[in-house]
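Enquirer: Single-letter residue listing:
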Amino acid sequence: MDDEIRARIDGFNALLAQFDFPFRIDIVDPKEPKAAPKNARFMRQEVFQQLVANIRRDKGLTSLPFCWKDRKNIYHILSGHHRIEAAIAAGHENIMILYTDARLTEEERVSIQLSHNSLAGEDEPTILRELWGQIKSVQMKQYSGLDDAVLNSYKPIQIASLGEKTPGFQEVYFSFFPSEVEKLDEFMKRLGTLTKKRYVGRLDEFDRFVEMLLNFKDASGIYNSATAMLEIIEIVEEWLARQPAEVKESNGAA
Amino acid sequence: MFLGTIEPVVRNFLAAHAEIFRGKVVAVGCSGNFTSERVLWEATGGNVRLFSNDVSLYSCLIGAHLAGEPFDLAVVEDEYRWLERAFAPGGWRRIASFLVFYRMLEFERRNNAYRVRMWNHHFKEFDNLVAATEERLNSVLLEIEGFFAGDVLDFFQEMERRHGEDVIYTSYMPFFKGGYERLYRRVGEIFQWRAPVYPLLDDDRRVEVANWGADRKHITLLNFPLPGQEPAMFGHTQRNVHVFMYSNVLEKTALYRRAHPDAGVRFELMGDENWPVLAGGQVKVIPISPVHIQPYKAYYLARNIDFSMGIYGFGISLAGKVIGFLEFSFAQNGNASDWYLFSDFAVGQLFHKRQSKLIALLALCEDVRRKLEISSLRRRPHVTTTVWTNKPVSMKYRGVFELVKRDQERGMLNYRQEWTGLTAQQTYELWMTKYARG
Numbered sequence: 004m005d006d007e008i009r010a011r012i013d014g015f016n017a018l019l020a021q022f023d024f025p026f027r028i029d030i031v032d033p034k035e036p037k038a039a040p041k042n043a044r045f046m047r048q049e050v051f052q053q054l055v056a057n058i059r060r061d062k063g064l065t066s067l068p069f070c071w072k073d074r075k076n077i078y079h080i081l082s083g084h085h086r087i088e089a090a091i092a093a094g095h096e097n098i099m100i101l102y103t104d105a106r107l108t109e110e111e112r113v114s115i116q117l118s119h120n121s122l123a124g125e126d127e128p129t130i131l132r133e134l135w136g137q138i139k140s141v142q143m144k145q146y147s148g149l150d151d152a153v154l155n156s157y158k159p160i161q162i163a164s165l166g167e168k169t170p171g172f173q174e175v176y177f178s179f180f181p182s183e184v185e186k187l188d189e190f191m192k193r194l195g196t197l198t199k200k201r202y203v204g205r206l207d208e209f210d211r212f213v214e215m216l217l218n219f220k221d222a223s224g225i226y227n228s229a230t231a232m233l234e235i236i237e238i239v240e241e242w243l244a245r246q247p248a249e250v251k252e253s254n255g256a257a
Numbered sequence: 082m083f084l085g086t087i088e089p090v091v092r093n094f095l096a097a098h099a100e101i102f103r104g105k106v107v108a109v110g111c112s113g114n115f116t117s118e119r120v121l122w123e124a125t126g127g128n129v130r131l132f133s134n135d136v137s138l139y140s141c142l143i144g145a146h147l148a149g150e151p152f153d154l155a156v157v158e159d160e161y162r163w164l165e166r167a168f169a170p171g172g173w174r175r176i177a178s179f180l181v182f183y184r185m186l187e188f189e190r191r192n193n194a195y196r197v198r199m200w201n202h203h204f205k206e207f208d209n210l211v212a213a214t215e216e217r218l219n220s221v222l223l224e225i226e227g228f229f230a231g232d233v234l235d236f237f238q239e240m241e242r243r244h245g246e247d248v249i250y251t252s253y254m255p256f257f258k259g260g261y262e263r264l265y266r267r268v269g270e271i272f273q274w275r276a277p278v279y280p281l282l283d284d285d286r287r288v289e290v291a292n293w294g295a296d297r298k299h300i301t302l303l304n305f306p307l308p309g310q311e312p313a314m315f316g317h318t319q320r321n322v323h324v325f326m327y328s329n330v331l332e333k334t335a336l337y338r339r340a341h342p343d344a345g346v347r348f349e350l351m352g353d354e355n356w357p358v359l360a361g362g363q364v365k366v367i368p369i370s371p372v373h374i375q376p377y378k379a380y381y382l383a384r385n386i387d388f389s390m391g392i393y394g395f396g397i398s399l400a401g402k403v404i405g406f407l408e409f410s411f412a413q414n415g416n417a418s419d420w421y422l423f424s425d426f427a428v429g430q431l432f433h434k435r436q437s438k439l440i441a442l443l444a445l446c447e448d449v450r451r452k453l454e455i456s457s458l459r460r461r462p463h464v465t466t467t468v469w470t471n472k473p474v475s476m477k478y479r480g481v482f483e484l485v486k487r488d489q490e491r492g493m494l495n496y497r498q499e500w501t502g503l504t505a506q507q508t509y510e511l512w513m514t515k516y517a518r519g
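The listed protein sequences correspond, in order, to chains B and A.
Just so we're on the same page, this note's numbering is the position in the first sequence counted from 1, plus 3.
Just so we're on the same page, this note's numbering is the position in the second sequence counted from 1, plus 81.
Bound conformation, chain B alone:
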């Protein structure tokens, strides 16, 4: 910054002091002020993008970040982390800041930082909607940071479907006893497809079932789980059909 501008800023700050105004202003590179080591306040990506767009449109920040100037003349951001980050994203090389060079303890600085986020008002919904209704331009609606979904501007309309009826699916839950899982395991061995089977220690029943189903799907090349179950059932049916009648009777199938 050239000396003339610096002199004018200093002159303005001297004027502020005459009015007992405790703060000063400065024009700085937005990359210069140091961010607080921690900041609890976060800004969602989409909100940040709108802030950047607004700064681009306004060609500057419309409210001043507040900083603390330490004894080494280094600025520390107390309020306005996202505004400064957005100004950088918007390509601004200079921003105006408000600062204090008062002696502040760390506790006081943190307290100021928190107060700027916590001492915020709320919107009265009816008045908010009325004000929103005054904005016709979509661009200015964007600028406001709100949208018609948040304000519930337009009631949902229900229309009859023009689509086809699709087959209904039903979810079926299987509960297996360990001995039943072993039986299914036996069927799989008969198929000769259980080449990748691998057990580590004693898994619970659910894990055993999943493992076998995955093995079957790998071996058969079937992707869909319900289709795989149906294939397994067919195998079981074939196996049952091959059993001698006395075995069926002893199983209660006769």
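One or more of the hints may lead you astray.
[Said to hold, decoys possible] Pair by pair, the computed Cβ-Cβ distance ranges are:
{"no.": "1", "chain 1": "B", "residue 1": "Ile-30", "chain 2": "A", "residue 2": "Pro-342", "range": "40 to 50 Å"}
{"no.": "2", "chain 1": "A", "residue 1": "Lys-472", "chain 2": "B", "residue 2": "Glu-133", "range": "42 to 52 Å"}
{"no.": "3", "chain 1": "B", "residue 1": "Ala-244", "chain 2": "A", "residue 2": "Glu-224", "range": "52 to 62 Å"}
Calculated from the structure, these hints are not laboratory results.
We treat Cβ as the ideally placed atom computed from N, Cα and C, and that holds for glycine.
Given the structure of chain B, go ahead and fit chain A onto it with the hints provided.
Expert: Leaving out everything else, chain A in the frame of chain B:
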């Protein structure tokens, strides 16, 4: 079965303007599945004179029926002559039969057990599905005065010749090319009908249609902005989809932003007071709903990423404090049999400069693999991910994943890796040995 461009927010916005359309002649270009017509009909209580237009067999068949016009449709493949019986009653019955058959065609090749099962079920249940569809269609209370099978601009010009200046021209030109090419081709092979000939509706043609409408009463929906014109509605509610509605008849305006889901759930993140737990800390990878990860993505991911949501989510904790998240979905295109690592990122106070590498390593651990397999009942031996960068490598993935593709033109790196077979805890110990102490 139809991929439309009219999102619910657009429907609601149109419906809010019922009075503008009441009793008016409305030409609907590119009717698709007649969403706009159904909205205007419902909103005006049937007090609107609708004329529709499109080019696909689906739309032309329905449009002709709604307009009370004849429509010749013949089955030319012998294998499907049985459809003639289903088509014979005409009306909604024929349309219902066509819709169910169109759905069946997806499985026509019957080249795997799933397609065989789906085809057989549809075939067996065909009459029932048609009857249920017809019942549903019978509840559609919509009348249109005419249907034009052909180019949208030809349609508009024809409407102007017939109705003069009274017409409101609305166009909903398709945004998506869709994945229907094979089905469209098969439909063309199986059926004979008077398919319209029309010019390609590319961006230039769509601007031409928009400009033609701009000199008249119009509503035009596009997926790109028209320079120098302010839209009546702008919507960006889905990833990479921007909707611009231009109009000189709508009184209201609307804006719909992208809003990432947030169920209000927040986790206790690692803070700097927890750093001493690094050595000997217990790491866990816990399945969580991907919805709960979205607020953290909105904060921690790069500001310019228009992200969407994965299918399976995991929270990663160290000594009970969350240090990162993982999101997975199914890979597509080249590595369709892989898991796709949708996002992996560190959160909280950064406790180590290579914390991100720990998260990437944990994405390949046994705890994740097992939980994904149980959830999906599918084995996928590899994990794939993409990095959008102009740099030649990603330091985060280097040494963890294998770089399999570098596309400098698109600024994209593709990484792939097998599961490590290590538990989450073993992975953490490996990271401590290999990376944390380096």
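Enquirer: Quick one: are Ala-244 (chain B) and Glu-224 (chain A) within 52 to 62 Å, going by C-beta?
Expert: holds, 58 Å
Enquirer: Holds or violated: 40 to 50 Å for the Cβ distance of Ile-30 (chain B) and Pro-342 (chain A)?
Expert: holds, 41 Å
Enquirer: Given a hinted range of 42 to 52 Å, is it respected by the beta-carbon distance of Lys-472 (chain A) and Glu-133 (chain B)?
Expert: holds, 50 Å
Hint check: no violations occur; every hint is consistent with the structure.
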